[in-house]
Amino acid sequence: MTEMSNTANKDYDVIIIGAGIGGLVCGCYLAKAGMKVLIVEQHHKPGGYCTSFKRNGFTFDAAAHSFGSYREGGNMRRVLDALDLDKRIEIKRYDPSDIIISPDYKITFWADTDRTVEELQQAFPEESESIRNFIRHLTTAKPIDFAVLRRKTFKDFLDRYFQNDRLKAIISIPILGNGALPPSLISAFTGSKIFTEFLLDGGYYAGECMQALPDALAERFKELGGTLKTSCLVKKIKVRDNEVEGVVLEKGNNVSAKYVVSNADARQTFFELLGSNVVEKDILHKIDGMVPSLSIFTLYLGIDRPPETLPKAGTNVWFLPNYNLEDLYLSAKNMTDDIEYFMMRFSPDKKTILAFANAPFRDRKFWYDKKLKFIDTFIRKIETTLVPGLSTRVVYKDAATPYTLYRYTLNYKGAAYGWATFPSQLFTPELKMTTPIKGLFLTGHWTTHTQGIPGVAYLGCDVAKLILKKERTYKK
Amino acid sequence: MTNGNIESEVISIISDISGFDPGEITPETSLPDDLEIDSIKAIELTVALEKRYKISIRDSDIPEINTVGQIIDLTKRLISHG
Numbered sequence: 001m002t003e004m005s006n007t008a009n010k011d012y013d014v015i016i017i018g019a020g021i022g023g024l025v026c027g028c029y030l031a032k033a034g035m036k037v038l039i040v041e042q043h044h045k046p047g048g049y050c051t052s053f054k055r056n057g058f059t060f061d062a063a064a065h066s067f068g069s070y071r072e073g074g075n076m077r078r079v080l081d082a083l084d085l086d087k088r089i090e091i092k093r094y095d096p097s098d099i100i101i102s103p104d105y106k107i108t109f110w111a112d113t114d115r116t117v118e119e120l121q122q123a124f125p126e127e128s129e130s131i132r133n134f135i136r137h138l139t140t141a142k143p144i145d146f147a148v149l150r151r152k153t154f155k156d157f158l159d160r161y162f163q164n165d166r167l168k169a170i171i172s173i174p175i176l177g178n179g180a181l182p183p184s185l186i187s188a189f190t191g192s193k194i195f196t197e198f199l200l201d202g203g204y205y206a207g208e209c210m211q212a213l214p215d216a217l218a219e220r221f222k223e224l225g226g227t228l229k230t231s232c233l234v235k236k237i238k239v240r241d242n243e244v245e246g247v248v249l250e251k252g253n254n255v256s257a258k259y260v261v262s263n264a265d266a267r268q269t270f271f272e273l274l275g276s277n278v279v280e281k282d283i284l285h286k287i288d289g290m291v292p293s294l295s296i297f298t299l300y301l302g303i304d305r306p307p308e309t310l311p312k313a314g315t316n317v318w319f320l321p322n323y324n325l326e327d328l329y330l331s332a333k334n335m336t337d338d339i340e341y342f343m344m345r346f347s348p349d350k351k352t353i354l355a356f357a358n359a360p361f362r363d364r365k366f367w368y369d370k371k372l373k374f375i376d377t378f379i380r381k382i383e384t385t386l387v388p389g390l391s392t393r394v395v396y397k398d399a400a401t402p403y404t405l406y407r408y409t410l411n412y413k414g415a416a417y418g419w420a421t422f423p424s425q426l427f428t429p430e431l432k433m434t435t436p437i438k439g440l441f442l443t444g445h446w447t448t449h450t451q452g453i454p455g456v457a458y459l460g461c462d463v464a465k466l467i468l469k470k471e472r473t474y475k476k
Numbered sequence: 001m002t003n004g005n006i007e008s009e010v011i012s013i014i015s016d017i018s019g020f021d022p023g024e025i026t027p028e029t030s031l032p033d034d035l036e037i038d039s040i041k042a043i044e045l046t047v048a049l050e051k052r053y054k055i056s057i058r059d060s061d062i063p064e065i066n067t068v069g070q071i072i073d074l075t076k077r078l079i080s081h082g
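First to last, the sequence lines map onto chains A and B.
Counted from 1, the first sequence has number 405 at position 405 by our numbering; the numbering is strictly sequential.
Counted from 1, the second sequence has number 8 at position 8 by our numbering; the numbering is strictly sequential.
I should point out that these hints are in silico values taken from the structure, not numbers from a laboratory.
Just so it is clear, CB atoms sit at the ideal spot from N, CA and C, and this is done for glycine as well.
Keep in mind that the hints are not guaranteed to be accurate.
[Claimed, not checked] Ranges of calculated distance between the beta carbons of each label pair, as one might list FRET restraints:
hint : chain 1 : residue 1 : chain 2 : residue 2 : range
1    : A       : D241      : B       : S30       : 31 to 39 Å
2    : A       : R407      : B       : S60       : 46 to 54 Å
3    : B       : S60       : A       : R55       : 51 to 59 Å
4    : B       : K54       : A       : D159      : 22 to 30 Å
5    : A       : P125      : B       : R77       : 26 to 34 Å
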């Protein structure tokens with residue numbers, strides 16, 4: 001044990017609610033520094049949106065299907081190195097990471113950025129210099145330079161560089177897919193980070209399936225002395241005199257701690273776990289008015305033999321039917337009967353296909369009626385656009401609806417990416433990592449700071465550092 | 001608001017965002033190197049200062065910010081021009 005104040009009579013130094021990647025990374029950093037840490041997870045396995053499951057002999061990644069930011073100095077590399085996990089998990093990079101297919105272009109994102117730049121320049125020769133400047137800026141900007149983007153949309157940012165609307169749409173389709181907002185609505189900061197961290201440095205995969213990542217973090221956490229309780233729901237965060245005391249678990253057990261870190265949905269944290277008698281009304285009012293990101297509809301297909309036309313295993317393939325991303329977003333948001341744009345990926349084990357499309361939240365009843373129909377619509381769409389003959393190879397089909405995402409993670413409205421990252425919702429002071437309640441911290445994609453696996457790993461690590469700085473045990 | 005008040009208040013905001021104790025923060029302290037101010041924290045910091053002092057930091061000012069002293073000076077200048 002470290003020399004810690006006020007913790008002698010507490011069960012734990014820190015309790016973390018939620019064993020998603022953010023919670024696990026936070027727990028590992030704190031346990032490594034000698035703190036006594038409990039992570040409580042309501043699902044029966046760790047990972048949050050980064051889990052995998054088996055059906056009929058096929059292994060599927062539930063939602064997260066690759067990650068980025070693993071270059072030298074990238075967030076994921078720094079976190080996994082610091083936790084000595086870089087050698088334990090076999091991390092492969094699939095090259096190319098992404099291919100974008102539109103009616104007129106096929107653009108490939110290679111591990112070699114220069115090659116990607118050349119490919120974009122060949123497709124859009126009149127934008128040659130702007131393409132080079134855009135990518136150079138994103139890959140060499142100092143941290144402070146990003147402050148210029150704080151009030152801008154990604155459209156503002158793209159307009160500074162490019163004239164060609166098709167090029168802008170091609171750059172933006174993975175951002176629409178991975179951020180669930182079109183260029184005119186998504187913040188320039190989020191858009192540029194998705195572009196640099198998911199596309200220019202994307203395509204990484206952990207072990208046999210994505211579950212390898214949370215499993216390795218959970219194993220490391222336990223080795224470092226941490227306790228992970230799965231299948232256990234936190235009912236309340238206990239607060240006295242504006243300071244956290246611990247949590248109440250579902251069977252009424254009280255567990256005390258000096259610090260509580262909530263990696264759970266922010267509405268739940270404030271409205272249910274804390275409650276209106278603890279949090280000021282204007283903060284609750286503010287959070288009540290915030291807009292969550294869209295959810296996703298994810299298709300899982302088991303295939304008996306790979307169709308000849310399938311793209312390389314491990315590569316994300318984006319289908320863009322036209323260049324009007326604003327209308328495409330609205331069609332997804334309003335849930336028309338068709339799926340217009342989507343991403344599909346032939347799994348690294350070459351036995352399954354995962355495809356997803358942005359979708360709005362609807363209740364259980366809605367999906368009970370629509371899910372099968374939507375699965376078939378999606379298969380037909382892939383078959384008519386990218387993979388002829390796909391339906392004759394499918395031997396298993398299932399899907400996760402937005403309601404499924406909610407059911408497994410309790411994320412508000414099955415939101416895939418936390419709060420919608422409009423510039424106006426970015427860095428909302430009420431949802432920063434520290435809270436008005438002493439000892440209570442927030443982490444994960446509901447903090448309005450960042451998202452995606454590298455994003456939440458960064459936040460988990462950063463909250464741990466904040467706590468260690470408070471304890472004066474932080475070492476750079 | 002005196003200049004001394006602004007200085008200690010800006011340091012307190014930087015402390016809140018970086019997690020480093022105000023005692024470790026001086027005008028010479030480098031934001032990226034000493035306080036690990038990355039792109040996320042750089043935005044948090046500019047947003048927090050703009051909100052606190054009702055100022056608007058211009059795009060052209062941003063690349064010039066490197067040390068705590070520079071951001072204190074910029075804040076003071078923008079308050080007096082406001």
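Cβ separation of K54 of chain B and D159 of chain A, checked against the hinted range 22 to 30 Å
Distance hint for K54 of chain B, D159 of chain A holds at roughly 28 Å.
When you take the CB atoms of D241 of chain A and S30 of chain B, is the distance between them in 31 to 39 Å?
38 Å, holds
Is 46 to 54 Å respected by the C-beta to C-beta distance linking R407 of chain A and S60 of chain B?
49 Å, holds
Taking the Cβ atom of P125 of chain A and the Cβ atom of R77 of chain B, is their distance within the range 26 to 34 Å?
Check failed, 45 Å falls outside 26 to 34 Å.
With 51 to 59 Å as the target window, see if S60 of chain B and R55 of chain A comply at their CB atoms.
56 Å, holds
Checked against the numbered hints above, the structure violates only hint 5.
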